[in-house]
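Engineer: Sequence:
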Amino acid sequence: MNSKTIVAALSTAALLALASCKDKDYTAHPPTWKGFRIERNGKVVSGREVFAGGDSMRVTAVQDQKGRYINSTYYTWTLTCQVRDTKGGLTDSTLTKQYRTNYDGIDNSDPRHTFAIPQHAEGRATVSFSATYNYSSDGVQVWDGSIVGGNTGYSGTIHSTSALLSGDAKGSFSFNIQ
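Note that the sequence shown ends on residue 421 in my numbering; no numbers are left out.
No lab work stands behind these hints: they were computed from the structure. Any given hint might turn out to be false.
[Claimed, not checked] Below, simulated SDA-like cross-link-like pairs (lysine to any residue); rule was C-alpha separation at most 25 Å, straight line:
hint	residue 1	residue 2
1	Lys413	Gly396
2	Lys309	Tyr269
3	Lys267	Gln384
4	Lys340	Lys330
5	Lys309	Ala406
6	Lys340	Val293
[As the list claims (entries may be wrong)] Here are the computed distance ranges between Cβ atoms for each label pair:
hint	residue 1	residue 2	range
7	Val288	Asp350	19 to 29 Å
8	Leu407	Lys330	19 to 29 Å
9	Val287	Tyr317	21 to 31 Å
10	Leu407	Gly331	15 to 25 Å
11	Asp381	Lys413	33 to 43 Å
12	Ile349	Thr329	36 to 46 Å
13	Ala295	Gln384	42 to 52 Å
14	Thr323	Asp350	18 to 28 Å
Quantities reported herein were computed from a predicted structural model and do not represent experimental measurements. No residue lacks a Cβ here, since even glycine has one placed at the ideal position from N, Cα and C.
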């Protein structure tokens, strides 16, 4: 084989190798969401379920697609309701739980929290969820990670937004307490 043939063969092989390479996409983004899954005393229920004071309510924010290239994550869960006081009046009650995790490194499972509905609570109540995601890469900008329609069995809505360095998600649903 002459040197021109060898050079041509090597050049062709190099071009094929380069052509088959794809740049890996390192763009970060928050999860997309289906909505909330609600459990009352260990049983999955709809958002129309009527709760009572003392009930256990486990709420899961269900991801449709996982986020990507997320470093630290801060979650906040809040339950707001009214509780009948000893004089028969209603007072506002707010229960809040905050925690932090490393989404990509430790836990990218669906975030969840369990509330104990306060004794003597009644009326309309709201559970709110928020998340802040710090990216380990550049983020996609001006993005809404909500899923519209086709989410039978989930309550409420959760919307994600994203910027260059971080993203967030906010959602809520309301329910009745007797």
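Engineer: Does the structure keep Lys340 and Val293 at a Cα separation of 25 Å or less?
Structural biologist: Answer holds: Lys340 to Val293 is near 23 Å, not above 25 Å.
Engineer: Per the hint of 36 to 46 Å, is the separation of the Cβ atoms of Ile349 and Thr329 within bounds?
Structural biologist: Roughly 44 Å apart at Cβ, these two residues keep to the hinted range, so it holds.
Engineer: Just tell me: holds or violated, for the beta carbon distance of Val287 and Tyr317 against 21 to 31 Å?
Structural biologist: Hint holds: Cβ distance 27 Å, inside 21 to 31 Å.
Engineer: Are the Cα positions of Lys309 and Tyr269 separated by 25 Å at most?
Structural biologist: holds (14 Å)
Engineer: CA of Lys309 to CA of Ala406, is that 25 Å or under?
Structural biologist: Between Lys309 and Ala406 the Cα gap is close to 17 Å, so the pair holds against 25 Å.
Engineer: Given the hint of 33 to 43 Å, is the C-beta distance from Asp381 to Lys413 inside that range or not?
Structural biologist: 22 Å Cβ-Cβ, so the 33 to 43 Å window is violated.
Engineer: Are Leu407 and Gly331 spaced within 15 to 25 Å by their CB atoms?
Structural biologist: Taking Cβ atoms as reference, Leu407 and Gly331 lie about 53 Å apart, which means the hint is violated.
Engineer: Between Lys267 and Gln384, does the CA-CA distance stay at or below 25 Å?
Structural biologist: Roughly 18 Å separates the two Cα atoms, so the pair holds.
Engineer: Next pair to validate is Lys340 with Lys330; report whether the Cα-Cα distance is within 25 Å.
Structural biologist: violated (29 Å)
Engineer: Just to be careful, I want the Cα atoms of Lys413 and Gly396 compared with a cutoff of 25 Å; is the pair within it?
Structural biologist: holds (19 Å)
Engineer: 19 to 29 Å was suggested as the range; check whether the CB atoms of Leu407 and Lys330 agree with it.
Structural biologist: violated (52 Å)
Engineer: Please check whether Val288 and Asp350 have a Cβ separation lying inside 19 to 29 Å.
Structural biologist: holds (25 Å)
Going down the numbered hints, you'll see the structure goes against 4, 8, 10, 11, while the others check out.
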